[in-house]
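Given chain A's structure and the hints, the job is docking chain B onto it.
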Amino acid sequence: AQRVTQPEKLLSVFKGAPVELKCNYSYSGSPELFWYVQYSRQRLQLLLRHISRESIKGFTADLNKGETSFHLKKPFAQEEDSAMYYCALPNTGGFKTIFGAGTRLFVKA
Amino acid sequence: EAGVAQSPRYKIIEKRQSVAFWCNPISGHATLYWYQQILGQGPKLLIQFQNNGVVDDSQLPKDRFSAERLKGVDSTLKIQPAKLEDSAVYLCASSWGSNSPLHFGNGTRLTVT
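Which chain is which? The protein sequence lines are A and B, in order. Under this note's numbering, the letters of the first sequence match residues 1 to 109, in that order. Under this note's numbering, the letters of the second sequence match residues 1 to 113, in that order.
Any given hint could be a false lead.
[As the list claims (entries may be wrong)] 25 angstroms max Cα-Cα, derived DMTMM-like pairs, lysine to aspartate or glutamate:
1. Lys-9/A with Asp-86/B
2. Lys-71/B with Glu-14/B
3. Lys-44/B with Glu-32/A
[Stated by the list, open to error] Taking CB as the label site, the calculated pair distances span:
4. Phe-76/A with Arg-64/B: 45 to 51 angstroms
5. Phe-76/A with Glu-68/B: 45 to 51 angstroms
6. Phe-106/A with Lys-44/B: 21 to 27 angstroms
7. Arg-3/A with Asp-74/B: 28 to 34 angstroms
8. Ile-56/A with Glu-14/B: 39 to 45 angstroms
9. Pro-8/B with Gly-16/A: 37 to 43 angstroms
Just so you know, these hints were derived from the structure itself, not from any lab. Because the structure is a prediction, the values reported are computed rather than measured. For glycine and all other residues, C-beta sits at the position ideal for the given N, C-alpha and C.
Only chain A is shown next, with the shape it has when bound in the complex:
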């Protein structure tokens, strides 16, 4: 069955420290994964998708098929990165788009 797991509910780091938000998935096939972010009082929005291989707001994510992971990384966290982050496996091959439970990132000054 298709599944997305975000093992950390809360991640707290200091400003300037590296950050890694973990995402593991189970999917039989070639997945396409997304990271969505929700800042305080804003709507849920796309942060990045693995197929585009781009860096958004300093964040990158690499798909590791061997480890079935799609971890989100940033070398130097900023206070404005504090938000709720969701990993998502979109509708592919007839499966519905599903989201992980989310990780709240808190960047301390």
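Using the frame of chain A, we list chain B on its own:
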């Protein structure tokens, strides 16, 4: 482009009452989704439309929830009768296609007392 519009933003009802939510997707987006997000959890898909047809409603509690997307544009989600466990944020999203990024509305926060 104008974003996904949802109304109302907040709704408080008593259990066994009925409630309806409205969503207007981004113009041209063929796929429309309704998600339920309970506090502390990720969004859970309730129903997905492709134009005005239902693609997936496997997690929609059909004994009390119903949704329609007339003319393949805006959509309504109804709960009748509501239960306490229906308290959640109801998110509407739309996308160009089923494999495209989702664009979300601000959501409707429902409280059932």
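Now the hints, each set against the structure:
1. For a cut-off of 25 angstroms, the pair hint linking Lys-9/A to Asp-86/B stands: about 23 angstroms separates their Cα positions.
2. Annotation: proposed proximity of Lys-71/B to Glu-14/B is violated, straight-line Cα distance about 32 angstroms (limit 25 angstroms).
3. For the given pair, Lys-44/B sits about 18 angstroms from Glu-32/A by alpha-carbon distance, which is consistent with the 25 angstroms threshold.
4. At roughly 48 angstroms, the beta carbons of Phe-76/A and Arg-64/B sit within the given window of 45 to 51 angstroms.
5. Between Phe-76/A and Glu-68/B the C-beta distance comes to about 48 angstroms, which sits within the given range of 45 to 51 angstroms.
6. In this structure, Phe-106/A and Lys-44/B meet the distance hint of 21 to 27 angstroms, their C-beta atoms being roughly 25 angstroms apart.
7. At about 32 angstroms, the CB distance of Arg-3/A to Asp-74/B agrees with the hint of 28 to 34 angstroms.
8. Judged by the Cβ atoms, the range 39 to 45 angstroms given for Ile-56/A and Glu-14/B holds: they are separated by roughly 43 angstroms.
9. A beta carbon spacing of about 42 angstroms between Pro-8/B and Gly-16/A agrees with the range 37 to 43 angstroms that was offered as a hint.
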